[in-house]
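Residue numbers (the numbering used here), protein chains in the order written: chain A, 1 to 177; chain B, 1 to 449.
A portion of the hints provided could be inaccurate.
Stretch-level coverage of chain B by chain A, calculated; a stretch enters the list once three of its residues show a Cβ under 8 Å from a Cβ in chain A [claimed, not checked]:
#1 36-45
#2 153-166
#3 343-356
What follows is a set of in silico ranges between Cβ atoms, one per label pair, in the way DEER data are often shown [what the hints assert, rightly or not]:
#4 B:173 to A:6: 25 to 31 Å
#5 A:6 to B:417: 57 to 63 Å
#6 A:140 to B:65: 22 to 28 Å
#7 A:55 to B:36: 16 to 22 Å
#8 A:38 to B:43: 28 to 34 Å
#9 B:65 to A:38: 55 to 61 Å
#10 A:55 to B:305: 52 to 58 Å
#11 A:88 to B:43: 23 to 29 Å
One side of the interface only, derived from the structure: several residues of chain B facing chain A at Cβ under 8 Å [stated by the list, open to error]:
#12 26
#13 56
#14 62
#15 65
It is worth saying that the hints were derived from the structure and are not from the lab.
Just so it is clear, CB atoms sit at the ideal spot from N, CA and C, and this is done for glycine as well.
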Amino acid sequence: MRRTLRTAPGPLAVRGIVFFAAAAGLWIAAPAAFVSLRLLLPIALAALFAALFPGGRVVGVTMTLIIVSWILSTLAFGEPAGIGRTFMTACALYLTHSAAALAAMLPHDAIVDNQVIIRWAGRSAMVIVASAAVTGIVVLLATRFTPTTSTFAVLGGLGVVAAIVAVLAKAAGLRRR
Amino acid sequence: MALRPAAPPREPEPAYEEELWVPTRALSRAVLLTALLVLASVLLGRADLVVLAVPLAISVALAMTRRPTAMPGLRLSTVESFPVEGGYLGATIEVENRDTVGYDLAVLRVQRSRWLRLEDGDRPHVTLVPRGVASAVEFSGPAVRWGRLTLGPASAVLVGADGLLATRAVVTGALGVKVYPMTEAFVADEAMPRAAGLVGQHRSRRPGEGGELAGVRQFGPGDRLRRIDWRVSLRTERLHVAATLSDRDAEVVLLLDLLADAGRSEGIFGSASVLDRTVRASAAIAEHYLHLGDRVSLIEYGSSARRLRPASGRRQYITVLEWLLDAHPVPAAQERGGAQLAAGISADALVVVLTPLLDARSAGMLAGLVRAGRFVVAVDTLPTGLTVPNAGTWTGLAYRLWKVERENTIGQLAEHGVPVVAWAGAGSLDTVLRDVARLASAPKVGARR
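Bound-form chain A, shown alone (with noise of 0.2 Å):
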């Protein structure tokens, strides 16, 4: 209770953040035959798991939640996978990611300077942008964006496949070094 108390108000901005962007992510990733009232409550238990510990593995399970949720609605309910809904999948999934990352770092009872939040929202915002400018011309050079196997998304797919095992690369000699 009175750790609870002493919770500054940066540190709880971050992890609202948090729990609304897990939370938004698994709504909108969810079947549509599922999506009820009754569906918030273990969304918002997740969501909510996500906020209350943001350093620990339950943010990889909920975001794995928001994946799995996402392929089974297109693949197991075959609902079509718009442009605009994938997107904002897309974006939920990095702000829970990302935001979850910030949280972790502050204590629950810091003052946090202002500056901190912003320059992270600039961040992020800037990462949004760039995503949609990919997502972007994904969409104009693809000639079908529908979740059906396509040459494009196996070229496209392994070249990022490469450029991710550049940065495993990378990261892992941190530690090596």
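Given the coordinates of chain A, assemble chain B onto it according to the supplied hints.
Frame of chain A, contents of chain B only:
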């Protein structure tokens, strides 16, 4: 024949900077999920999964381009040089970015003594540290109790690359802060039992209240209005006073009974323990007599048996305050008697014993001092309104019995010529000092000089 090098081979220097910055769980999460999404998109032939991975991949790529590597600088400092309890103390934690990229944030913490009530000092502070800039977080608050307090160590955890990299805690050393006791207002009758120097025959060389003119100087704080030299003041258009030499040469010995402590110390704004009252009263009495030009010395009645040589003047007052900072009650199994203590005290000195009379040896010491012919005044430093923890049904009765026994001891001491007066600040000692002065003027038989 192969020659061996005389010096041992140099060991490779530990790479602190590389080890300082470590990846956070967010980095592994972002990389793992991005890889999974891309692999799934390849395996399932789904371009929408690539779109889901794009922001995560871009954020990791952008973050890795501005990866910090250097060791940050951290410094803890305080600006106060002569803080008195109740006064405000300022502290600053400064974190310096020596890197080529900015840090996202720095989480700064400072540990401090419980008597330093720095505003929001018990909370971590998070601040931005741009490239090539030193960010500072300032704390301010009152030091609520005298003593040698500690400020620090301060620690900083720095976060860079959009929360994907963080440092281990960078820690500074701790600072020692001396907080001097606040002297309660104390004024005493000038009736001293016996001065070493006789007025009119040997004038003192020390400035103070007296009749011998030492010169004319500018008016300063603490000067009496009747000392103003109006002719010089009118001529120079600035207030001047006639400085005189002290014609008193009395020695005041403050004997601090540190055998036991009692009561709860809550700082300057709360209740005071025996030790608090002893130290504050000692500082007040010392200040008063040193201001008058007398010599003051201090003796500790406890296991450490410290002693401060008699001296006068402003410097001695600072020395007294420093000396008092190290006063701590330490129970001692064997303690010197009054006769042994009296051997080191001048026969003409006024001995002010600050004692809570909690230990039976304290009363014995007082009686021994009087028997040795010293002029003794006992100041009772036991706090009023002392509460006793209830340990059983007999606690109240036992406490009342103890109080009666203590009053009996005080009465017996009075019969032996030791006036015991409760410490109450200004004027506490006036009545008893007059009694002691009267006793001193009476002829004494067998007093050791």
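Quick rundown of the hints versus the structure:
1. 36-45: With 9 residues close enough to chain A, the hint holds.
2. 153-166: holds (count 7)
3. 343-356: Contact hint for the stretch 343-356 of chain B vs chain A: violated, 0 residues under 8 Å.
4. B:173 to A:6: 25 to 31 Å: holds, 28 Å
5. A:6 to B:417: 57 to 63 Å: holds, 58 Å
6. A:140 to B:65: 22 to 28 Å: holds, 26 Å
7. A:55 to B:36: 16 to 22 Å: Once the Cβ atoms are compared, 21 Å apart, the range 16 to 22 Å for residue 36 of chain B and residue 55 of chain A holds.
8. A:38 to B:43: 28 to 34 Å: holds, 33 Å
9. B:65 to A:38: 55 to 61 Å: Violated: the Cβ-Cβ distance is about 45 Å, outside 55 to 61 Å.
10. A:55 to B:305: 52 to 58 Å: Since residue 55 of chain A and residue 305 of chain B have Cβ atoms about 55 Å apart, the given range 52 to 58 Å holds.
11. A:88 to B:43: 23 to 29 Å: holds, 24 Å
12. 26: Interface hint status for residue 26 of chain B: holds (4 Å vs cutoff 8 Å).
13. 56: With a minimum Cβ separation of about 6 Å from chain A (threshold 8 Å), the hint on residue 56 of chain B holds.
14. 62: holds, 7 Å
15. 65: violated, 10 Å
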